[in-house]
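Novice: Given these sequences and hints, build the entire structure.
For what it's worth, this note's numbering labels the leading residue of the sequence shown as 10, then goes sequentially.
Check each hint, because a few of them may be wrong.
[Unchecked claim] Each pair of labels, with its calculated beta carbon distance range:
#1 Gly281 - Arg345: 22 to 32 Å
#2 Glu291 - Phe536: 48 to 58 Å
#3 Arg345 - Ser306: 10 to 20 Å
#4 Lys544 - Gln227: 18 to 28 Å
#5 Gln109 - Lys177: 20 to 30 Å
#6 Ser74 - Thr574: 22 to 32 Å
#7 Gln458 - Val579: 17 to 27 Å
[Said to hold, decoys possible] Think about it this way: if two alpha-carbon atoms lie no more than 16 Å apart in a straight line, the pair counts; the simulated EDC-like pairs of lysine to aspartate or glutamate are:
#8 Lys247 - Glu291
#9 Lys583 - Asp596
#10 Lys417 - Asp441
Calculated directly from the structure, the hints in this document are not laboratory data.
Model, not experiment: these values are computed from the prediction.
Note that the Cβ used here is the ideal one computed from N, Cα and C, for glycine as well.
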Amino acid sequence: MKPLYVLALFLFICSTRLSAQNNDLLLARQYAANGEQQKALDIYQKLFKQDNETYYQQYFNTLISFKKYDDAESIAKKMLRKYPGNSEYIIALGSVYTQQGNTDKAESLYNDLIKNMPADQNAIAGIASQFYQNANADYAIKIFLQGRKLLRNDAAFAFELITLYRYKRDKVALTEEYLNFIPTNPVFISQAESTLSSIYEGPEDYDMLKTALLKRIQKDPQQIVYPNLLTWQYLQQKEFDMALNQALALSRRQNDDGTSVFELCNTLVSNGAYDAAIRGYEYIINKGDKENQNYISAKIELINTKNLKVTSGQYVQADLLGLEKDYNGLLDEIGRNRGTVFAMQKLANLQAFKLHKLKEAQTLLESAIAIQGVRPALLAACKLDLGDIYLLNNQPWDATLLYSQVEKDNPNTTIGQDALLRNAKLAYYTGDFNWARRQLDILKAATTQLIANDALNLSLLISDNLNADSSGKALKIYSRADLLIFAEQPAKAMLTLDSIDKKYPGNALTADILMAKARILIQQKAFTDAVAVLKKIAENHADDLWADDAVFMLGDIYETKLKDTALAKVYYQKIITDYPGSLWINDARKRFRLLRGDKNDAS
10 MKPLYVLALF LFICSTRLSA QNNDLLLARQ YAANGEQQKA LDIYQKLFKQ
60 DNETYYQQYF NTLISFKKYD DAESIAKKML RKYPGNSEYI IALGSVYTQQ
110 GNTDKAESLY NDLIKNMPAD QNAIAGIASQ FYQNANADYA IKIFLQGRKL
160 LRNDAAFAFE LITLYRYKRD KVALTEEYLN FIPTNPVFIS QAESTLSSIY
210 EGPEDYDMLK TALLKRIQKD PQQIVYPNLL TWQYLQQKEF DMALNQALAL
260 SRRQNDDGTS VFELCNTLVS NGAYDAAIRG YEYIINKGDK ENQNYISAKI
310 ELINTKNLKV TSGQYVQADL LGLEKDYNGL LDEIGRNRGT VFAMQKLANL
360 QAFKLHKLKE AQTLLESAIA IQGVRPALLA ACKLDLGDIY LLNNQPWDAT
410 LLYSQVEKDN PNTTIGQDAL LRNAKLAYYT GDFNWARRQL DILKAATTQL
460 IANDALNLSL LISDNLNADS SGKALKIYSR ADLLIFAEQP AKAMLTLDSI
510 DKKYPGNALT ADILMAKARI LIQQKAFTDA VAVLKKIAEN HADDLWADDA
560 VFMLGDIYET KLKDTALAKV YYQKIITDYP GSLWINDARK RFRLLRGDKN
610 DAS
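Specialist: Have a look at this one:
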């Protein structure tokens, strides 16, 4: 029993001592937190004397934080005498010298450490980590670079060096490290792009990358990672044609199926570089391989891109005719079936609203909605578009039947509400204002803000002008102009708008006419002229129905078209301060905060 008693007593004493030390440690931390330096240091010193290894780091850190450099130097030397050559204590002593301003002594210590470093990967990583933990990233990098020499492995510690270079924001070294690393690790190219884009600050940085890449491509022309990264570099610089040229050159050299070119073209489209994207899609098509998985996709995307170019306003009449020809060529090659109804819909819209071939557009959409198995959402969209074309073709009864059919088939949905709005607009265009107003009042509570906003504005337009003129004669002319704007016949619309004041001077439509003209000018991409008209509404009709719309539109044009963020902020701020009840208030607030640079733009 005696040995057991002795063991129990020993364990009790040890546990009691450990508990006391833990209490002392907590007390020392409390003293330090309260700024009672000497009391904290006295306890740490006592604990250090009891157990050097366990309490060294806490005691040393406290000495440094309280600027007791002589004492910190003393205990670091004590530990070195006890453990000669230990890198932890060498680095600690060097950090004391640095704090004291003795950088030469610190560097002498560190350089001796580097000279005597073992050729052991784990040991090297450990020493570098100790430097990093002591806030000395420069020597951590030196350790890793020297480690490469010792291990005779230039690829060693790549991840660690990338992390350190990024931490130091050393763009040149980070770039070189990635360019050394990714040829044997191509899966990390996306990471490299993301990291470099986060640290690069302007054209000079990207030019530095381009120069480095061109040198490496010349030295190692078979390496495909560098050309891919060069393509990405051109994209960041918005040099879209150069990006495509690079991708085309690589595709031709590899004689591949053009997948990388196809993917790049999608990126070009999202950046509005339509001409470059068109050239890329044509390259894939001109390869002539109809079995190529990208062939049909490229044909479809080529047409979609040309359509985007047209709808963005960057076109001439020849572009419209060429696009019509491309659509017909696609439909002739692939057929008119449920898989190509989307193309039939887009062609019909092109013919109806850009080329004004209403009969051809009507015939095409009638055949489209007769095809079996079309997706319900696409079928409904085609019916709505056909209803619009019936309206333009002076077939309002056929138009309202289609709108009503879509509304009935899609209750309580966005597309159903869109159908109801189109029906209400049809009544407005044809002069049946009271019926239109009843339908619009239903849509004021629509789930989609755009539909609700359109419904509210049109309802108020009708109400305000019928109150001023119960016969609605001026409003009937205005609604005809509205229909001409919808039909994309701006010249006729302008003449119709100008005729209102001549026939009915003193009418209540002054601000409405200005807004209609602004819409025409925006449709024609005449943004500067549109700004002048919208300012007249904002300044001279500040209490009118269209005032907040005009102010928001000014902000949008300055932000997205004229690239004047300062003026954009002025008009978004005006919505917030002058029109707090506007339907645009949330959008204006969000855009203002984004332009101001707020981090939490969603608040």
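Novice: All hints are to be evaluated individually against the structure, with a verdict given for each.
Specialist: For each hint, the structure was consulted:
In this structure the supplied range 22 to 32 Å holds for Gly281 paired with Arg345, their Cβ-Cβ distance being about 31 Å. Between Glu291 and Phe536 the beta carbons are some 31 Å apart, a value that contradicts the proposed interval 48 to 58 Å. Take Arg345 and Ser306: their Cβ atoms lie about 19 Å apart, and the range 10 to 20 Å holds. In this structure, Lys544 and Gln227 break the distance hint of 18 to 28 Å, their C-beta atoms being roughly 55 Å apart.
Our hint of 20 to 30 Å for Gln109 and Lys177 holds, since their Cβ atoms are close to 24 Å apart. Taken as a hint, the range 22 to 32 Å is violated for the pair Ser74 and Thr574, whose Cβ atoms sit roughly 45 Å apart. Distance hint check for Gln458 and Val579: the Cβ-Cβ separation is about 23 Å, which falls inside the suggested range of 17 to 27 Å. Distance hint between Lys247 and Glu291 is unfulfilled; the C-alpha atoms sit about 21 Å from each other, more than 16 Å.
A C-alpha spacing of about 13 Å is found between Lys583 and Asp596, which places the hinted pair at or below 16 Å, so the restraint holds. As the CA atoms of Lys417 and Asp441 are separated by approximately 22 Å, the hinted pair breaks the 16 Å bound.
When each numbered hint is compared with the structure, violations occur for hints 2, 4, 6, 8 and 10.
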